[in-house]
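So you can see what is in the structure, the chains are spelled out below.
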Amino acid sequence: MMTKKTVQDLARWLAGEPEGELDKLLSGVQSLETAGETDVSFLESERNAAQAMASRAGCLLASPGVALPGRTVIRVRNPRYAIARAIELFHPLPSRQSAIHSTAVISKNVKIGPDVAIGPLSFIGEEVRIGARTSIGAGCVIGDRVVLGEDCVLHPRVSLYPGVRIGSRVILHSGCVIGSDGFGYVFEEGRYHKFPQVGTVEIADDVEIGANTTIDRAALGVTRIGRGTKIDNLVQVGHNVQIGENCVIAALVGISGSVVIEDNVVIAGQVGIGDHARVEKAAVLGGQCGILPHKVIRAGQTVWGTPARPLQEHLKQQALLARLSRIEKRVKPSSQVKDEKHQRSG
Amino acid sequence: MMTKKTVQDLARWLAGEPEGELDKLLSGVQSLETAGETDVSFLESERNAAQAMASRAGCLLASPGVALPGRTVIRVRNPRYAIARAIELFHPLPSRQSAIHSTAVISKNVKIGPDVAIGPLSFIGEEVRIGARTSIGAGCVIGDRVVLGEDCVLHPRVSLYPGVRIGSRVILHSGCVIGSDGFGYVFEEGRYHKFPQVGTVEIADDVEIGANTTIDRAALGVTRIGRGTKIDNLVQVGHNVQIGENCVIAALVGISGSVVIEDNVVIAGQVGIGDHARVEKAAVLGGQCGILPHKVIRAGQTVWGTPARPLQEHLKQQALLARLSRIEKRVKPSSQVKDEKHQRSG
Amino acid sequence: MMTKKTVQDLARWLAGEPEGELDKLLSGVQSLETAGETDVSFLESERNAAQAMASRAGCLLASPGVALPGRTVIRVRNPRYAIARAIELFHPLPSRQSAIHSTAVISKNVKIGPDVAIGPLSFIGEEVRIGARTSIGAGCVIGDRVVLGEDCVLHPRVSLYPGVRIGSRVILHSGCVIGSDGFGYVFEEGRYHKFPQVGTVEIADDVEIGANTTIDRAALGVTRIGRGTKIDNLVQVGHNVQIGENCVIAALVGISGSVVIEDNVVIAGQVGIGDHARVEKAAVLGGQCGILPHKVIRAGQTVWGTPARPLQEHLKQQALLARLSRIEKRVKPSSQVKDEKHQRSG
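Chains as they are written, first to last, in numbering that gives the first Met the number 0: chain A, 0 to 345; chain B, 0 to 345; chain C, 0 to 345.
FYI, nobody ran anything at the bench for these hints, they're computed from the structure. Treat the hints with caution; some may be incorrect.
Intra- or inter-copy, both count: the list cannot distinguish identical chains.
Unchecked claim - The calculated PhoX-like cross-link candidates involving lysine-lysine, where the alpha carbons are at most 25 Å apart (straight line), are:
id : residue 1 : residue 2
1  : K23       : K107
2  : K280      : K110
3  : K315      : K328
4  : K23       : K3
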């Protein structure tokens, strides 16, 4: 499965500047620790230079400035991006068979584009449209009237509820559920009545959604995930949530109903966001932090803690708490001193 | 798919009082922002009156007291409940086909009531009983001896382990798992031995369980979810947990083994409850709060934070923390002043 | 289904010392509260002696020292372990049929050991190897080149991505996903590019993994779960994570990429661990605590809170916070007193 390439070939593929043995043969990508003489590896920054010099890697991807005397190096502007492209070269994904498996169940009025793959034991509902080269894994269930764009990859056992719309080049991991009912009830006559969830979900191009993540349909209207946004495993996105473009949302995050998240927001693991909160552009939400309902997090702000507040405030608070024992000690002797004074003056 | 109704028709359906153009035709339900002239919308309270006046909605559902001059209005006691019922009128759920798909696998001694639907590629174990009009989606796996009541909806890809018992009108969302083994081990001879999980799960009538939620079977005895309780997506319910009636449990909540939750409890997102804790009637657990093992939360109490304490205490603490910097400043100069006095008097 | 055994039989099975009516017939295992005259129950410690004396259980498993006058008792060193073994005796798991269901789809070059069971509507990819007596439930999807050891149990609807390697006696619960892509991207030219995830996952012998838990494959190299480790439901294990032997990880825990967890670590529910953190041997992480990225938790340490710190520190801090209001009060009058002094002396 391994392809062999020379340092020269790889440099050309990466549009980088090679140094050292240009015709050395390379066959794979490894970390600095595990790389051998036919592997290429990389340094994220100058800090890793010593580790890189100690590595047995046959070729190193590094930024222009980093000194790596005697080593075969390809100079690139962004070594992390370059190594991702090198992996694509050396470890190409197995080619998918564009075929519809005989055990897949396809309902009527389904439109299937060219070179589509539909895996074994998957079910496609009525009036579904599947774009060119999209691949649907084994055991998926695609509800009626779903629209899937081109070049999507649905890993095995994905559920799309009826009417959900998915863009192109979207990757959906195993077990994720898109379009389940939002969590809405009305309390009346001593019990909860279901608030019908008749909206839908729209996922834009280039989105990736992790394993067992759930995205609820809107009550009315649309739950929306913007272009290029990446969502990790086991994330909950509530009904009517609006997520912008190029956001990154880590595992186990919970986003309540009607939350708005603007573009380029970064959300760390296990963050909770209350309903109707708004997170403005490029804000960063620290791990496990909690945003209260209806709260607004300002553009570019980094917040931490529950309830979340700006990082500087949070750190100041943490530092104060660390001094709390000293504060208490200062208070105690002072009042004891005073008591003693009173006694003396008494 | 849209049904047209007059304002008069809708008022009759809702048992409300119409005002304005009674024969205006309506065709759907929308939010105040997105509604057009043939849509009905609603005001949750007087606070939304200005927004409602600015809306293009052809008809508004509102409480009796709210002034909406010149608008076509239907007066109802609970507008949120009324709009839920209006959605049922205008956006009826697609009728399900009561049929057993040819690719479903039905084991022996299964009892299937009238008008049951069993979706494609689903599996029904031995001695399962399925009540009238219950619908099982594609790709579900129903273990041996499971009992399902009447009028249940199982969305695609639900797992019911053997022996689980489900009431009537229960809704189970895609990917949920009911009856998996509880997390119980005994440490002996340097390693963990599995504590056999031979109990079961009972889910009462009118319960709804969200996508990818997991409910473990009891070690011995029964894990129980009471009538009318609603559980959101990605919730974990441990073995031997007892949940009462009409509770509401939001996403990503973790409920440890043997916890007791009484009726009408509300649990916000990402709350964690330690084993053997008891949450009494109508308590409210704030988002991300943590209940320690064996702790009791008193009836009607609202708690916040980790470890959780009554909301008033929590807020007092938060306010104190906000003044901490001032407290420290007061302490510092005072001691400096004192030091100076000492010097002067020295 | 119930087997009847005498007290004598049970004592022999448990290698315990019987006292009382040795030929009494027993037919099941129950908790102290629910046990009847033909049930065996157990006391975890002397604290439960009064409750045990009040129980109707026909036989009690107890440690040697505990006084239970007039009762039929079997003395064992570890009653919890003994009751687990008693459950195995009285409630044996239904025997699995070692058969390949006619609706299972088996690809080419699959190697299947003796007495393997493959459930209905499951899919086995190319070049998969399945060890002797392993049982694969309904609706599972096993990717190409997966290796499964002997005596494994895969409950229904498990996903194994291609190339994943699983040891022997591993239990995988419904909905779990092993080998999904790690969450890795490179930001370049204004958008996120996928960092290819070409590593794999290795799960050692005697591991159990809960329902809807997700374990990501390594970017390069291997995500590893050590022998005997038990993972609960809805846990996220990120790419390149290394987990040692005999760890216990409760529900809804999030473990970020490249974290190292050594042997015998205990992690309570909803804990979050930042990337590249290291948790040393036998550490205990308290419920909902948060470990910052790159942090090291020392061997044997118990930590709490976010950011997590040693339990004693955490408790000291909590006690200080509880005194905060008193500290503030002490500060206020003192400064007022001083002001008054100044006025008097002025």
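Status of each hint after checking the structure:
1. K23 x K107: So K23 and K107 fail the 25 Å test inside a copy (56 Å) and across (38 Å) alike.
2. K280 x K110: Neither way: K280 and K110 sit 38 Å apart in one copy and 53 Å across, limit 25 Å.
3. K315 x K328: both (20 Å within a copy, 14 Å between copies)
4. K23 x K3: Classified as within; 10 Å inside a copy, 74 Å across copies.
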